[in-house]
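Build out the structure end to end from the sequences listed, making use of the hints.
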Amino acid sequence: MPDIPCEAEGAHIILVGHFNPSIFQPAWLAAHDLIRKEEAEAAKIQVIASEVASFTSDWLSLVVTDDKFQALTNDPSHYEPLRDLVLGIFLLLEHTPFEKMGINRDMHFRMPTEEAWHQLGHLLTPKELWRSHLEKPGMESITIGGSPKHAPDSHLRVKVEPSTRVKPCGVYVGTNQHHQASGPDAARQLMVILREKWQTSQEYARVLSENLVNEGYRRAINS
Amino acid sequence: MPSLNQPPEPDQLEVSIFGPGVGECVVVHLGNSHWVVVDSCVECRSKRPIALEYLEGLGLDPASTIKLIVVSHWHDDHIAGIAEILGIAKSAKVVCSAALRRADFFTLVASAERAMMESPGTAEFLRILKTLEERAPNGSRVGSVAPLWAIANSLLLRLEPPVVPLSTEVQALSPSHGALSLAFQEIGQEFPKLGAVKRRTVAQSPNQVAIVVWMRIGDMRILLGSDLEEGKSPTLGWQAILASDLRDGGLADVFKVPHHGSKNADSPTVWTKIVKQDPIAVVTPYASGATPLPTLDDISRLKRRTSRAYVTAPPTGWSPPRRSNSVERTVSEVVRNRRVILGQMGHVRIRVHTTSLTSPRVDLFGTAQRL
Amino acid sequence: MQSTVSRYEPRQDRSEETSYPSPLRPASAHGYELAEPEEVGAIILSEGKEAVSFWTSSWRNGANGHAEFSGASGNFTISPISLPVQVDRVPQQHLPQHRFLVLQKWEGTVSALKEQEKEFVAVIRDLTQTRSDEEATFPIEEIPDSDRDLLAPGAVFYWNVGYELNSYGQRKRVSAIRFRRLPAWTRSEIESVRRTAERFKGIFGLNAQPQSAARA
Numbered sequence: 004m005p006d007i008p009c010e011a012e013g014a015h016i017i018l019v020g021h022f023n024p025s026i027f028q029p030a031w032l033a034a035h036d037l038i039r040k041e042e043a044e045a046a047k048i049q050v051i052a053s054e055v056a057s058f059t060s061d062w063l064s065l066v067v068t069d070d071k072f073q074a075l076t077n078d079p080s081h082y083e084p085l086r087d088l089v090l091g092i093f094l095l096l097e098h099t100p101f102e103k104m105g106i107n108r109d110m111h112f113r114m115p116t117e118e119a120w121h122q123l124g125h126l127l128t129p130k131e132l133w134r135s136h137l138e139k140p141g142m143e144s145i146t147i148g149g150s151p152k153h154a155p156d157s158h159l160r161v162k163v164e165p166s167t168r169v170k171p172c173g174v175y176v177g178t179n180q181h182h183q184a185s186g187p188d189a190a191r192q193l194m195v196i197l198r199e200k201w202q203t204s205q206e207y208a209r210v211l212s213e214n215l216v217n218e219g220y221r222r223a224i225n226s
Numbered sequence: 007m008p009s010l011n012q013p014p015e016p017d018q019l020e021v022s023i024f025g026p027g028v029g030e031c032v033v034v035h036l037g038n039s040h041w042v043v044v045d046s047c048v049e050c051r052s053k054r055p056i057a058l059e060y061l062e063g064l065g066l067d068p069a070s071t072i073k074l075i076v077v078s079h080w081h082d083d084h085i086a087g088i089a090e091i092l093g094i095a096k097s098a099k100v101v102c103s104a105a106l107r108r109a110d111f112f113t114l115v116a117s118a119e120r121a122m123m124e125s126p127g128t129a130e131f132l133r134i135l136k137t138l139e140e141r142a143p144n145g146s147r148v149g150s151v152a153p154l155w156a157i158a159n160s161l162l163l164r165l166e167p168p169v170v171p172l173s174t175e176v177q178a179l180s181p182s183h184g185a186l187s188l189a190f191q192e193i194g195q196e197f198p199k200l201g202a203v204k205r206r207t208v209a210q211s212p213n214q215v216a217i218v219v220w221m222r223i224g225d226m227r228i229l230l231g232s233d234l235e236e237g238k239s240p241t242l243g244w245q246a247i248l249a250s251d252l253r254d255g256g257l258a259d260v261f262k263v264p265h266h267g268s269k270n271a272d273s274p275t276v277w278t279k280i281v282k283q284d285p286i287a288v289v290t291p292y293a294s295g296a297t298p299l300p301t302l303d304d305i306s307r308l309k310r311r312t313s314r315a316y317v318t319a320p321p322t323g324w325s326p327p328r329r330s331n332s333v334e335r336t337v338s339e340v341v342r343n344r345r346v347i348l349g350q351m352g353h354v355r356i357r358v359h360t361t362s363l364t365s366p367r368v369d370l371f372g373t374a375q376r377l
Numbered sequence: 005m006q007s008t009v010s011r012y013e014p015r016q017d018r019s020e021e022t023s024y025p026s027p028l029r030p031a032s033a034h035g036y037e038l039a040e041p042e043e044v045g046a047i048i049l050s051e052g053k054e055a056v057s058f059w060t061s062s063w064r065n066g067a068n069g070h071a072e073f074s075g076a077s078g079n080f081t082i083s084p085i086s087l088p089v090q091v092d093r094v095p096q097q098h099l100p101q102h103r104f105l106v107l108q109k110w111e112g113t114v115s116a117l118k119e120q121e122k123e124f125v126a127v128i129r130d131l132t133q134t135r136s137d138e139e140a141t142f143p144i145e146e147i148p149d150s151d152r153d154l155l156a157p158g159a160v161f162y163w164n165v166g167y168e169l170n171s172y173g174q175r176k177r178v179s180a181i182r183f184r185r186l187p188a189w190t191r192s193e194i195e196s197v198r199r200t201a202e203r204f205k206g207i208f209g210l211n212a213q214p215q216s217a218a219r220a
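Chains as they are written, first to last, in our numbering: chain A, 4 to 226; chain E, 7 to 377; chain F, 5 to 220.
The hints are simulated quantities; they were obtained by calculation from the structure and are not laboratory data.
Bear in mind that the values here come from a model prediction, so they are computed numbers and not experimental data.
Positions of the beta carbon are idealized from the N, C-alpha and C atoms, including for glycine.
Be aware that a few hints might be false.
[Stated by the list, open to error] Heads up, simulated DSSO-like pairs for lysine-lysine below, C-alpha to C-alpha not over 27 Å straight-line: (1) A:Lys162 to A:Lys103; (2) E:Lys282 to E:Lys309; (3) E:Lys73 to E:Lys136; (4) E:Lys99 to E:Lys53; (5) E:Lys53 to E:Lys96; (6) F:Lys205 to E:Lys199; (7) F:Lys205 to A:Lys40; (8) F:Lys205 to E:Lys99; (9) E:Lys282 to E:Lys269; (10) E:Lys238 to F:Lys118; (11) E:Lys73 to F:Lys205; (12) A:Lys40 to E:Lys199; (13) A:Lys130 to A:Lys103; (14) E:Lys136 to E:Lys96; (15) A:Lys152 to E:Lys238; (16) A:Lys40 to F:Lys109; (17) E:Lys136 to A:Lys200; (18) E:Lys136 to F:Lys205; (19) E:Lys238 to E:Lys279; (20) A:Lys152 to F:Lys109; (21) E:Lys53 to A:Lys200; (22) E:Lys53 to F:Lys118; (23) F:Lys109 to A:Lys200; (24) E:Lys199 to F:Lys176; (25) A:Lys130 to A:Lys170; (26) E:Lys269 to F:Lys118; (27) A:Lys170 to F:Lys205; (28) E:Lys279 to E:Lys309; (29) E:Lys53 to A:Lys152; (30) E:Lys269 to E:Lys279; (31) E:Lys96 to F:Lys176; (32) E:Lys238 to E:Lys269.
[Said to hold, decoys possible] Estimated spans, in silico, between C-beta atoms of each pair: (33) E:Glu334 to A:Asp70: 43 to 53 Å; (34) A:Ser144 to E:Ser70: 50 to 60 Å; (35) E:Gly201 to F:Arg152: 16 to 26 Å.
[To be verified] Computed footprint of chain A on chain F, listed as stretches where at least three residues anywhere in the stretch have a Cβ under 8 Å from a Cβ of chain A: (36) 111-119; (37) 150-163; (38) 174-187; (39) 190-197.
Here it is, written out as structure tokens:
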């Protein structure tokens, strides 16, 4: 049985702390050699203001508010550059305080048949309990949390929903690996985790998402 | 059929030389479960230091049997996994080249971590320093956890019967005093400079600062040449070793050929003045780089020097594993000379009873072969 | 027709705030198609009110309106008034026009430059599967112009091989090299390095008499 293909994916890094959004301009990143000059020049700026900064390039989307920093990419060939960008920014802004970090992955799969798509939803959220209260109950979203084996000090949330990007029969699996640190060097601790755990986290998220969907499909067709 | 997992007898000496294509490790049994580890490389599948895997495979406890660990120099291919060995063999003496006993080397190691651009060598050395730091109980004297800093003709270990079957001395023949100032130049090139781009450290050649280890076990001599190359002056490299009058006058029965058999490390005088005629000579390859070592010329030269020459792995590396057709098609259009450089471990094992030192037995495992 | 969208109240557990790039998630609406947070839409600044990020695909379908956020009530309303009034930017569709299907990924370290042959040699580490290190010789022309200055021994790069897919499903085989970028050494970083080196000097007694091995 061939694997269910992933048709769209992305990764994002989210930091919670205190930021100065107006710094985060494409030109600033290019001036510090964090992105290519051409990428900075071609970037589409949504807004750069004291409360919020947001721009996109061909592979990067950056949104910063005063309490949250978000770097995203939908290009799997740029997962490592995304990590490097965040590491590089906070090597330069080493006094920026933040205490929480999410290393996240989104994956969208397409189930081979509508029946299989429904069966997966039913496997994850059995409907028997709901049928006495709702007509045609359907899974809109489910989230499970726990600690991943490779990083027992962190918290992992896995969300499964019908995909809005892949239609029809799309399944979205999103993983959020949450890390927290404290003390005056909390930010540096989180950057060390980002550097050392990025690849393992992304690989774990990928395998988890693929296994969930493929195992779900296998059980669905055998039931 | 020799068994890989059969440990040596208490009165049996052993020299085991490991090399997987890039990297080397030598483990020596001095007798009575006293082991010495010189350098380290990792097994490609488990990613664990081969010295630990080997000793555990023999049913031995590395923590209690490893007595001496020599870090002959800081290059990537000689140091992989050595911090893990140090972490386990907590009571083993640790020896590093005196050429590294300088603030600028610590700066180099610290800068690689800060830059988040560690090469395997600097990352490993940082782990060594941190492991040694952890060994120090609170309030211990400054410098008490430092490694032994080896310089030419320094004694690293001396054991006498009945601790070991035969009177044993382990000595460093290098680095020479002349080499110490050269080390400053090599390390200094890698220093962080304001406004400079961050890069991984790439070790420079020639290598003058490595520790060459000389072992005298009863009447047997073992010469482990590390990566020491020939120097351009009498105060450097093998010339400095030959010029020393503090060296034990014996000739080596077993010779770990220096610097992967390269011409730069070859000294004909070493073969006549320090090494016995027709010794057991083992070379570990360096399958990476524009010129993998040993070259065909190097091999021919080695075979002229001794009839008992061995190599731990093919110097040309291995063919890369086949990936999907699409990947192979694209890759073949882009690159050339693609090869695996870190492959299956090769192991040359030399064992001899202390009662008959002139009859060693050589066994080959993995990719090791006779030249 | 006006439509009221309730403010999404994140659960107070610890990881919610790092899970999605949005403090708001439209929960329901009347007359609009609302999308999930990963559909990047627009940043909306509401005059006199707190800036929020709001992600939706509804604007993509050409719905006209403006958004007003009322911090006090926690609601924002969408009403059908022609753009632009208070919306700063036309919403962006974040879905890429081309998608890269990565089949193989390596991290490379340049070990040697062969300038005359216009090539460089690199050790490449497989990031897709756990396999042994390989070495390969690359033509310098494979490096994008904007990365050429980064080529030097010790430089790190990523090499991705796969397919580029366009929105019509057309596939093109691609090999893409991108050099790693980190900021240049700063004064404070060099100072931090110096402090770490000093610490090691202290621990290993560099200033004291060396614990060197005795002479044989």
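Any hints from earlier that this structure breaks? Give me their numbers in increasing order, please.
-> Checked against the structure, the hints that fail are numbers 7, 13, 15, 22, 24, 27, 31, 36, while the rest are satisfied.
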